[in-house]
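Numbering (my numbering), first residue to last: 347 to 426.
None of these hints come from the bench; they were simulated from the model. One or more of the hints may lead you astray.
Label-pair ranges, simulated between beta-carbon atoms [said to hold, decoys possible]:
hint, residue 1, residue 2, range
1, Arg423, Ile373, 20 to 30 Å
2, Asn357, Pro380, 39 to 49 Å
3, Arg423, Asn396, 32 to 42 Å
4, Ile416, Ser378, 17 to 27 Å
5, Asn396, Pro361, 38 to 48 Å
6, Asn357, Phe399, 37 to 47 Å
7, Arg423, Asn357, 33 to 43 Å
8, Asn396, Ile373, 19 to 29 Å
9, Gln365, Tyr397, 29 to 39 Å
10, Asn357, Ser378, 22 to 32 Å
11, Arg364, Gly422, 27 to 37 Å
12, Leu419, His375, 33 to 43 Å
13, Thr402, Glu363, 20 to 30 Å
14, Asn396, Gln421, 22 to 32 Å
When the alpha-carbon atoms are kept at most 25 Å apart in a straight line, the in silico SDA-like pairs for lysine to any residue are as follows [unchecked claim]:
hint, residue 1, residue 2
15, Lys414, Leu370
16, Lys414, Pro374
17, Lys414, Tyr397
18, Lys414, Tyr371
19, Lys414, Asn357
20, Lys414, Ile373
21, Lys414, Ile404
22, Lys414, Glu363
23, Lys414, Ile424
24, Lys414, Thr402
25, Lys414, Thr377
26, Lys414, Leu366
27, Lys414, Ala381
28, Lys414, Pro380
29, Lys414, Tyr376
30, Lys414, Ala359
31, Lys414, His375
32, Lys414, Leu401
33, Lys414, Glu372
34, Lys414, Ile362
35, Lys414, Gln365
36, Lys414, Ser378
37, Lys414, Met369
38, Lys414, Arg364
39, Lys414, Thr382
C-beta atoms are modelled at their ideal positions from N, C-alpha and C, and glycine is treated no differently.
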Amino acid sequence: GDLLLMSAYSNGAVPIERQLAQMLYEIPHYTSVPATLDNDVTPEGDIIGNYVFTLTEISLHHAELQAKSILALSQGRIII
347 GDLLLMSAYS
357 NGAVPIERQL
367 AQMLYEIPHY
377 TSVPATLDND
387 VTPEGDIIGN
397 YVFTLTEISL
407 HHAELQAKSI
417 LALSQGRIII
């Protein structure tokens with residue numbers, strides 16, 4: 347399983363877009379949410395203005411959409 351997947355990545359058999367989506371899915375992301383009395387101080391976020399930055403996860407579908415846009419932009423195309 348894992349060795350076969352690693353081999354596919356090493357041999358370039360996995361498309362760049364899919365590799366990027368997997369990376370985006372696996373790394374932590376921070377997102378801003380409006381500060382409220384409940385979340386104005388959180389262990390994983392800092393207050394900046396009226397917003398709190400908190401650690402979130404993105405879905406695999408969202409990661410794939412982001413990867414598609416990033417790859418298009420890197421190739422001189424723009425997806426809006």
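Checklist entry - In ascending order, which of the hints set out earlier in this document are inconsistent with the structure? => result 7, 10, 11, 12, 14, 17, 27, 28 and 39
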